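For the protein sequence lines, the chains are U and R, in the order given.
Letter 155 of the first sequence, counting from 1, is numbered 155 in the numbering used here, and no numbers are missing.
Letter 73 of the second sequence, counting from 1, is numbered 1073 in the numbering used here, and no numbers are missing.
The hints are simulated quantities; they were obtained by calculation from the structure and are not laboratory data.
If you're wondering where the values come from, they're calculated on a predicted model, not measured in any experiment.
Please note that a few of the clues may not be correct.
[Claimed, not checked] Here are the in silico distance ranges between beta carbons for each label pair:
#1 R1080(R) <-> R384(U): 11 to 21 Å
#2 R207(U) <-> D1071(R): 46 to 56 Å
#3 Y1098(R) <-> S446(U): 48 to 58 Å
#4 V53(U) <-> D1071(R): 24 to 34 Å
Where is the CB? At the ideal position from N, CA and C, for every residue including glycine.
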Amino acid sequence: MSPRRPRLAIWLLTKRLSAEWREFVIGDLEEEFAMRSVDSRTAAHAWFWWQAVRCLAAPPPVQCGSSALEPSRGDSRMRTVVADLRYAFRVMSRTPSFAVAVVSVLTLGIGANTALFSIVNAVLLRPLPFEEPERLVRIFTRTRAGVPFDLSPGKFYDWQRDAQSFEGMAIYPCCGFREFALTGTGTARTVKATAVSARFFEIVRARPALGRVFRQEEDTPGGKHVVILSDRFWRTEFGGNPDLIGRRVKLSDEPYTIVGIMPADASVASWPPMAADLWVPLALSDEQRANRQNHNLEGVARLKRGVELAQAQSEMDAMSARLAREFPKSDGRWGAVVIPMQEAIVGNSRTMLLMLLGAVGLVLLIACANVGNLLFTRALNRRREIAIRAALGAGRARVFQQLLIEALLLATIGGALGVLLAHVTLSAASALLASHVPRANEISISADVLLFVVAVSMLAGMLAGTLPALRAGRSDVNAGLKGGGRGNGAIGVGTRRVLIVCEVALSVVLLMGAGVMIQSLLALRHSDTGFDPTNVLTMKVTVVEARYPTPAQRSSFFDMALQRIRALPGVEAAGTIDDLPFIDGSAQPVKREGEAEGSPREKPVAHVRRITPGYLRAMRIPVLRGRDIVESDRDVLLLSHDAARLVWGAEDPIGRSATLPLLSPTVVRQVVGIVGDVKQRDPSEPFTPTVYHYSRERSWSSATLVIRTSLPPTTLARPVVAAIHAIDPEQPVEDIRRMEQVIDSRLTSQRFSALVLGIFAGAALLLASVGIYGVLSYIVRGRSREIGIRTALGARTGDVLRLVIVEAMSPTLVGIAAGTIAALASARVMETLVFGVSASDPLTLAAVAAILALVALIASLLPAYRALRLDPVKVLRAE
Amino acid sequence: MWFKRKTPVLGDFEQLVLLGVLRLERQDSAYGAAIRQEIHARSGRDVSINAVYTTLDRLERKGFLKSWVGDPTPQRGGRRRKFYALRPGGVAALRQAYRTFTAMAAGLEARLETK
């Protein structure tokens, strides 16, 4: 196959070269291009473009009679453009400060837009890194409340058996990775694994680089221990050794046979199951497969070719209705949802990103208004030059072209620097981005982004350049020549006022958005969660079951660890919980003791957490009635206030018993106390009814330590880990975080949008104040004669001040009024993104208006001072 | 005018192009790209294709070269080549230039040749 030709260059050449030369020149270039691309395609392209540019600049002459020897009448369009460009460069180098001002404003505007567009492009626009991603979907059940939810195995296997719309379906466990301790290599390390059902890799279309994927029979509990490695894990742990297939690796002290190695591009950071270090078969037992109660699996499926999403959805609806009739107890009123993969990964960051993209567009508009204003001033200062050109025969179009090209040149430089700025910003913020937006690892300044930059730069240049260029083209030759280019009298004041009104109005919208977002974030951070997150250190500890085979050994490990931690100086209380608040955890039905098994009333569902003594004290969750749990307790429950009401209604639950059928249908647990309500899921949601259970006989192997400290919690991280390693030096300790960090991790999208909007609003404010200052300085300079006469006639300081300040404030106030209307109109978009504050909050709006008025006032101080210092004698004599 | 001579003096680049044509015309492959590559390979000057054609055109108009159009070839996207060959005037001009150069350089070889 012949290499891809530089079509754009060929097209340009075809347009540029005369018919006489076109064929031979392009033919020659293509011929040599083909030769050169044997060595290097890139070099060949570069060479072709270099040749093409030179041909475009100076093509071989046209041969018609002897015309080549005569000068042509009028210059060709291309030639005037080149001349204008050359002139623009010269003008720029003559007044570098002006160029620097314009370019830096544009760089800021375009850079911000580029950075944000890179993010939007990677997250929303670019297809997912899967094969035929549009056919890949996530499947969920829909709860009775209508929320998409995880799958139960029973339901999944029914779906898989009956559904016709899909090429295949697969499942993997919800809620993060299965963690293995990588043992036998010296240091302890936890590796993240995804357990996947058969056909998972076929559906995702992840093909192994070496070996094979799992077989059907390996997805059974009797199957052998097999494992597939990720490219990353293979390289870091095994140095990329290609003879690994069939070898064994020890995971949590058990041998696993390596059957396959995935290539690097199979790893998808934004989708947890494909971000694992390794994969193992899910291998559910027959009993587990039949379970319809336990919703703890996530589903993925691939639509058959030609099947639409709506078709698949309606098939799933019909199937759910049938299953609901078949299994009224477990499946009654549950539905099914099919969601495109893209939507499932990007989720709710879509609205946020689009909102931010809109906001950054406003910043660019403000920047353009500023630049337009600067160019306008400049065009007016060059009236004499333009008049001379007009007198020598330059038409209006010609003058327009020249000024527009100057603006476009500035915008192009701004765009180039903007790309640089965006690149620097994105790489500096990469860590921040990774924790705040999905698909962050895919963010880059790609070809699409560069195209966007070119478009935005040209747009900015046009926006900022058109108005001044039009005005300048219209100016009167005679007046221009007479005026001698001295700025006597302010011209175009009306246009400038309009620019200020626009800048102020746009700033109001941005500041309002930022203000509301920041308030919302504060409201979320300070919302009453029911516990006290300050000075709390948390960390996750999972013991290897093979190392501590009996429950008693595991219990004693945790007891010993807690004992040692409590003995550390600075530790006030310490306990454990299975899943911290704001980390997804289990929600289960609660069955009151004595309630009939087949009771028609639906059992209440509460969040269920497993804790040990010390947890409530560490989190400062108050015991409202009854007592806290103690070490010696057996099978006891604590209910949160709401859970008590939910399960027992008005009755007093203390001393009563209940079972948690999903955990164990036979163990009867006694309620010993009622504790304060806590938010377990999200700070923006109401309190979560929660049931805490404890028993001194325990069999679990994983827990999150919660430690209340009197010292800054991070200073205790090292001694706590040391205390654990004193018991077992090979014990991994994960996720060491302050409780506040845990909460913050739930607020990432709010934090991100508040931060970015805040930066944008700050930039807008800065640009607006610079704009107001610039315009006002110009107006004061233009009216200096008038002010001088007034002063000479006895105007006092106050009168002159009033003159200037009224000049500044009147467009500002109009802008604030217009901006308020715009902000209220855009509040509808914001409403879905904020919590605890109205998007059209009048207090915020008032504050924003006040800030802008103040900024306008400050920006007018220097021009006002200058007006006051005017010496009437000098001003009048200058005329 | 008084300073205009019958056979105009060749410019430096014109000489290169004429020499290129002379080297290539015997294999019937004196066309733009080949001339460009020949100049590049021998003199090290990576000239642009438009310069080559501009010069070829000028030389043809001065009567030093004649040209004809070949058949289309696939590696050029079906485009034809324009071939050149020297006319007697071109050969004469080149001889003149060569004579001038060798005459002026005679006896200076030791100083002109590098290594």
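Is the hinted range of 48 to 58 Å satisfied by the C-beta distance from Y1098(R) to S446(U)?
holds (55 Å)
With 46 to 56 Å as the target window, see if R207(U) and D1071(R) comply at their CB atoms.
holds (48 Å)
Verify the CB-CB distance for R1080(R) and R384(U) against the hinted window 11 to 21 Å.
Since R1080(R) and R384(U) have Cβ atoms about 55 Å apart, the given range 11 to 21 Å is violated.
That 24 to 34 Å hint for V53(U) and D1071(R) (C-beta), does it hold up?
holds (30 Å)
In terms of the numbered hints stated before, the structure departs from hint 1 and from no other.
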